[in-house]
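Asks: Each chain, written out:
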Amino acid sequence: EAGVTQFPSHSVIEKGQTVTLRCDPISGHDNLYWYRRVMGKEIKFLLHFVKESKQDESGMPNNRFLAERTGGTYSTLKVQPAELEDSGVYFCASSQEQGGYEQYFGPGTRLTVT
Amino acid sequence: AQSVTQLGSHVSVSEGALVLLRCNYSSSVPPYLFWYVQYPNQGLQLLLKYTSAATLVKGINGFEAEFKKSETSFHLTKPSAHMSDAAEYFCAVSGYNQGGKLIFGQGTELSVKP
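Which chain is which? The protein sequence lines are D and X, in order.
Counted from 1, the first sequence has number 111 at position 111 by the numbering used here; the numbering is strictly sequential.
Counted from 1, the second sequence has number 1114 at position 114 by the numbering used here; the numbering is strictly sequential.
These are computed hints drawn from the structure, not numbers from a lab.
The reader is advised that the hints may include incorrect statements.
Straight-line Cα separation of at most 30 angstroms, DSSO-like style, residue types lysine-lysine; simulated pairs [unchecked claim]:
#1 D:Lys78 - D:Lys44
#2 D:Lys51 - D:Lys78
#3 X:Lys1058 - D:Lys44
#4 D:Lys54 - D:Lys41
#5 X:Lys1069 - D:Lys44
#6 D:Lys15 - D:Lys41
#7 X:Lys1069 - X:Lys1049
#8 X:Lys1069 - D:Lys41
#9 X:Lys1049 - D:Lys44
#10 D:Lys15 - X:Lys1069
Short derived list, chain D residues pointing at chain X, Cβ under 7 angstroms [said to hold, decoys possible]:
#11 Glu42
#12 Ile43
#13 Phe45
#14 His48
#15 Gln55
#16 Asp56
#17 Pro81
#18 Gln96
#19 Gly99
#20 Gly100
#21 Glu102
#22 Phe105
#23 Gly106
Just so you know, these numbers come straight off a predicted model, no measurement behind them.
Ideal placement from N, C-alpha and C gives every residue a C-beta, glycine not left out.
Turn these sequences into a full structure, and let the hints steer you where they fit.
Replies: The structure is reproduced here in structure tokens:
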């Protein structure tokens, strides 16, 4: 069974540009989460999809971030326009159920905004 | 709001020595508790979890953790460290009816000396 995949693994963009991160969850996992780790800080929750619907987007930093999940399958996270403080590692995770169930994490996308 | 504190951003032990990584959480209700490990260039991997069953939880690779409600702690231990245990370890909490989103501690980098 394939794990959670993320693309690209690294992205270096200039301030003001747009970047789109992609996450492919484990097949059959209705729950998809995005997290971010800024250098030197803890991993922070961004948002949670159940199938194609956003259940919780309380962690999204501002309206420069837009997440979608097409048909309840893969998800994209777009940053437009990117700012320096958006640099960090963006993780995607998926799970079959909520609550005390294991979340399976992808390897992350390292975003550097210069 | 829930929070997780990991004492010590870096811990160094000798091979064969006891590993003890500390985690304290703040919650008025016993939550779900997790320990994840991240090896270099990989995603987070679940080591073990507590979901209100046995307070002593055994995980993969010889790790275990004990849930102590009175101390609001969930410390991770391993009797004998191996070189392959060198990685970053994350303690995380998820509350009931919170959709499964994880609140992470700051992470602890474990080094193992030969």
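Asks: Taking the hints in turn, state whether each one holds.
Replies: Comparing the hints with the structure gives:
Among the hinted pairs, Lys78 (chain D) with Lys44 (chain D) is consistent with the structure: their alpha-carbon atoms are about 17 angstroms apart, no more than 30 angstroms. In summary, the hint linking Lys51 (chain D) to Lys78 (chain D) is supported, as the alpha carbons are separated by about 18 angstroms, within the 30 angstroms threshold. Straight-line distance between C-alpha atoms of Lys1058 (chain X) and Lys44 (chain D) comes to about 26 angstroms, which keeps the hinted pair within the 30 angstroms bound. With a C-alpha separation of about 25 angstroms, the suggested pairing of Lys54 (chain D) with Lys41 (chain D) holds against the 30 angstroms cut-off.
For the hint linking Lys1069 (chain X) to Lys44 (chain D), the alpha-carbon distance of about 24 angstroms falls within 30 angstroms, and the restraint holds. Note on Lys15 (chain D) and Lys41 (chain D): the hinted pairing holds, with a Cα-Cα distance of about 21 angstroms set against a maximum of 30 angstroms. Of the pairs offered as hints, the one joining Lys1069 (chain X) and Lys1049 (chain X) holds, with about 15 angstroms between alpha carbons and a cut-off of 30 angstroms not exceeded. Proposed proximity of Lys1069 (chain X) and Lys41 (chain D) is supported: the alpha carbons are some 26 angstroms apart, at most 30 angstroms.
The suggested pairing of Lys1049 (chain X) with Lys44 (chain D) holds, with an alpha-carbon distance near 19 angstroms, which does not exceed 30 angstroms. A threshold of 30 angstroms between alpha carbons decides the hint, and for Lys15 (chain D) with Lys1069 (chain X) the separation of about 46 angstroms lies outside it, so the pair is violated. About 5 angstroms separates the beta-carbon of Glu42 (chain D) from the nearest beta-carbon of chain X, less than 7 angstroms, and the hint is met. Here the hint on Ile43 (chain D) is kept, as its CB sits about 4 angstroms from the closest CB of chain X, short of 7 angstroms.
A least Cβ separation of about 5 angstroms between Phe45 (chain D) and chain X falls short of the 7 angstroms threshold, and the interface hint therefore holds. For His48 (chain D), the shortest C-beta to C-beta distance to chain X is roughly 5 angstroms, which falls under 7 angstroms, so the interface hint holds. A distance limit of 7 angstroms between C-beta atoms decides the matter here; for Gln55 (chain D) the minimum to chain X is near 5 angstroms, and the interface restraint holds. Among the interface hints, the one on Asp56 (chain D) holds; its C-beta lies about 5 angstroms from the nearest C-beta in chain X, closer than the 7 angstroms criterion.
Because the smallest distance between the Cβ of Pro81 (chain D) and any Cβ of chain X comes to about 27 angstroms, over 7 angstroms, the interface hint for this residue is violated. Interface hint status for Gln96 (chain D): violated, as the beta-carbon distance to the closest one in chain X is roughly 10 angstroms, over 7 angstroms. A least Cβ separation of about 6 angstroms between Gly99 (chain D) and chain X falls short of the 7 angstroms threshold, and the interface hint therefore holds. The criterion of a C-beta within 7 angstroms of any C-beta in chain X is met by Gly100 (chain D), whose closest approach is roughly 4 angstroms, and the hint holds.
Hint on Glu102 (chain D) holds. Least Cβ distance to chain X is approximately 5 angstroms, under the 7 angstroms limit. Satisfaction of the interface hint for Phe105 (chain D) is found here, the shortest Cβ-Cβ separation to chain X being roughly 4 angstroms, below the 7 angstroms cut-off. The closest approach between the C-beta of Gly106 (chain D) and any C-beta of chain X is roughly 5 angstroms, which is under the 7 angstroms cut-off, so the hint is satisfied.
Of the numbered hints given earlier, the model fails hints 10, 17 and 18; all others are met.
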